[in-house]
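Participant: For reference, the chains in residue letters:
There are 2 protein chains.
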Amino acid sequence: MSFPPIDGDRLWSDLMTLARIGELPAGGCDRLALSDADGMARNVFRYWMEEIGLKVSVDPIGNMVGRREGTDPSLPPIMMGSHLDTQQPGGKYDGPLGVLGGLACLRAIAAAGRATRHPIEVVNWTNEEGARFQPGLLGSAVFTGQLDLETAHATKDVGGRSVFDELRRIRYLGDAPLQRKVDSYFELHIEQGDRLEKAGITIGNVAGCEYNLFAEITCHGRNGHSQATPMDQRANALAAAAEVIVAIEEIGRRHFPAGSAGVASLRLWPNNRINIPHLARMSYSATHPDRAGMAQIRREVTEAVEAAETRTGLRIEIEQPPEREAVDFDASLGALVERAAEELGHSTMSLRSRAGHDAIRMAPHCPTQMIFVPCKDGISHSEFEEMTKQHAVAGTEVMLRAVLARDGAA
Amino acid sequence: MSFPPIDGDRLWSDLMTLARIGELPAGGCDRLALSDADGMARNVFRYWMEEIGLKVSVDPIGNMVGRREGTDPSLPPIMMGSHLDTQQPGGKYDGPLGVLGGLACLRAIAAAGRATRHPIEVVNWTNEEGARFQPGLLGSAVFTGQLDLETAHATKDVGGRSVFDELRRIRYLGDAPLQRKVDSYFELHIEQGDRLEKAGITIGNVAGCEYNLFAEITCHGRNGHSQATPMDQRANALAAAAEVIVAIEEIGRRHFPAGSAGVASLRLWPNNRINIPHLARMSYSATHPDRAGMAQIRREVTEAVEAAETRTGLRIEIEQPPEREAVDFDASLGALVERAAEELGHSTMSLRSRAGHDAIRMAPHCPTQMIFVPCKDGISHSEFEEMTKQHAVAGTEVMLRAVLARDGAA
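Top to bottom, those sequences are chains A and B.
Residue numbers for the first sequence, in UniProt numbering: 1 to 410.
Residue numbers for the second sequence, in UniProt numbering: 1 to 410.
Bound-form chain A, shown alone:
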C-alpha cells in the first residue's frame, strides 16, 4: 500500500496559527471551552476543513465534525480527533495536535485524490478540559450517550453561564445526530509524561488509561481573630489542610515513578487575612497503573488525614468516590499503529495514559486507539508545554497509515 505524504510545514503552521488565538505572553493559550477565543479557533478550524472540501457538521453539544465520504455508503466513518479548548493557562499542543493532525491526514488524502471505503472524519470535541465546565470530556460523553444532553446543556461555569447559552452565543449549537455508529476512533496526543522523552522513543502506542482518582478533602476549623486568638484556642482549617497537602505530596513521591498523588486546588471560607478560616476544601488526585497500587495510595491518604486530625484536633472529612477504572484500548488498532511506526522506522513503546482523554469516552462506543508523541519534561497544562515539529509530523504520519490500513482491512 502507498501512502500520501503529510504536509509537515502546513501542520506546524496550523498549530502555530491556532496558538495565536487566546495567546498568552509566555507562549501558551487561554482558550477555555465556549469562550470567545474557543469560538474564533472553531471558526478557523471550520474554514480549514471547508478549504479541503470536507463536509462540516455540528451536533447539539457543539462537537464539530469534518467528513470526507467513502466509496461504500454502508460503512460507518473512521474518526480522528481531539479538542481545541485549553486549560487556563494551557499549552499549544494538548488537544490541537490531535485535531490538526487529523486534519493533516485528511488534507493528505484529499490532495492525493485517494479513495477510501469508509468515510473519514476529523472531530473537535467540546469541553474536553473541564477547566470551565465540569465534567471534562463533555462533548464525547454526550456523543456516546454516557451523559445526557439536557444535563450537559444545563452545566454552568462559575459565573453562572450555561453550556447551552454559551454554545448559542458562539454559534456552535448544531443539530447533527448524536450516538451515530463509528467504525473506529484514533486520537493523537502529546504524552503529558516523560517516559517517551527519557527513553528516546518517538511513538507511544497507548494500551489504555491508568486508574485515576479525584477526591475531595474537607477540614473543619473555627473562625477566630487571626492575631488576637491565643494559639492554643486556634482551630485553623488552613493549617490542617496544609498538613494534609504536605503528606499527600510525600505519598505521591513515594509512589514515583509508577503512581502519583498531589493537591492542586484549595478553597477557604472566609479567605481573609484577619479571620482564621473555619473551612478548607481541597481536591486531591492520584493515578496508578494497577488497582492494588491505587488502593494503597487511598489507604496512605486516609492514614495521613487521620494523623492530621490527631495532631490538629480538627475534624477532616475525606470523600471516597470510586476511581475511574483503567481503560483498555483496542489491540487490533494497536497492532496497526505498531506496524505503521515500524514501517516508518520509528521506535515505539507501549504505555498507558495517566490523564483523561476523549478516547476514554469513545472506547465503549467503538474500537479506539491513542498515539502518543513526546513532550518536553512531561509538562502540559502549562504555558511551557513544548514538543518538536518532527514528533508532531511523525505521530501524524503514523496515524494516517493506521487509518488507511484500518480502512483497507475493516
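Read the hints as simulated data drawn from the structure, not as lab findings.
All C-beta atoms, glycine included, are put in the ideal place defined by N, C-alpha and C.
Worth double-checking, as some hints may not be accurate.
Covered by chain B, according to a simulated footprint, are these stretches of chain A (three or more residues, beta-carbon under 8 Å) [said to hold, decoys possible]:
no.	region
1	130-138
2	253-262
3	283-295
Position chain B relative to chain A; hints supplied.
Facilitator: Frame of chain A; chain B shown alone:
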C-alpha cells in the same frame, strides 16, 4: 461624685437587637462595612441616638456621631465608641459593645439630667474590620488625618464597588467636619484573648497594643497536568505553600503564650484540580509584646521559607514590611479606669491588645484608653463569639465613671 445607673437590660437588649441585623444561623453576624445590613444597623443606631436626644452627624467617610452638649462651649468632646461593621462571619460583640456601651452611658447621663462640662459623644467608625475594604480602621484613620479622604473614597471591594459609591448608596455620605479637636477617647471592647477569662478578672485596663505584622509570602511553581505530570517534574506552588503554612503555625505555637503567628488566607492561580498551580500567595500574621520577640518571629519565618525553598526547589518570596509599632495608651486615663473599676469592686489586669482597634488611630490625636472585658475562650471574628451580660454591663459602668471623672478633672 455620684454616678447615674446604667440600664443593663436595655444595653443587652440593644446588643441582641442589633445582632438580628445580618444574623447568621449559628448566632453571629454578617454585617460587612457599607453593606445593606450595615446600612440597616446604622439606621437603628441613629434612631436610638435620636431617641435620647443626641444630635446626630455623619462625616464624609460615614463615621456617625451622637452628641450631647456640655456646659462649657469652649471644651472639645469626650468621645466613646467603636464600630458596627463585622467580619464575614463575625460575632455579636466585637464592635457593637463599644458603640452601644457608649450609647448606654449617654442614655444614663441623659436620663439623670446630668450636666457635663464637655460635650459627650458616641461614635460608630466606618469599616473598622477591613473585611470588605482594605485597610481596616478606615473611618478613624480619615477622621484623624492619617489617611486622606480621596484615597479612602476610592478604595474598592473585590466586586469593584468603591467606598464613595457605597456610602452614597446606603445614604451615609455626610459633611460633618473631620480632624476636629477631641478631648479624649474611650473604647470598650471584648478582649479577643483569654487572659482575663483565665485569670477570672472582669476589667482589662489596656496599656496599649502589641507589635503586629501582616506580610505576604509568594510561592512560584510551574503549571502542569495534576495527574499526568511525573512527580519529579512537578513544581506545585500549593505544596510549597503548605510547607510554609505548617512551619509558621509551629512557630506561632513555639512563641505561645507571649506571641502568635499563623496563616489565614491563601490564593492560587489557577485554582483548578486538574492543573498544578504556578502561583500561591498567602498572608501571614504575627503579634508579640516586644520588638525583639517580633524580630525573632520574623527570623524564624524567613528560615522556614528558606528551608521550604531548599526542600521543594521552588522560589518563595517573602515581603518584609515594617510591623505596626506597639502603641501606648494614656496613663492618666488608665488611672481613671483603674479607680473606676476599684470603686465598683471589680478586679483589674493591665494588658495589651493583640488586635487592631480604632483606638490605635485615635491615640496620636487625643488621650486614648481602651477597656477590655472577657470573652469566651478568646474567640472573636466568629459566629461563636460569646460574652456575659454581667461583663458587658461592668465594662460600661467603668467607662461611664471614667468619662465623668475625666469631665470633672480635665
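Participant: Each of the hints needs a verdict: does it hold here or not?
Facilitator: Hints versus structure:
1. For a cut-off of 8 Å, the count of residues in the region 130-138 of chain A with a CB near a CB of chain B stands at 3, and the three-residue condition holds.
2. Residues of the region 253-262 of chain A lying with their CB closer than 8 Å to a CB of chain B number 6, which satisfies the three-residue condition for coverage.
3. By the rule of at least three residues with a Cβ nearer than 8 Å to a Cβ of chain B, the coverage given for the region 283-295 of chain A holds, with 4 such residues.
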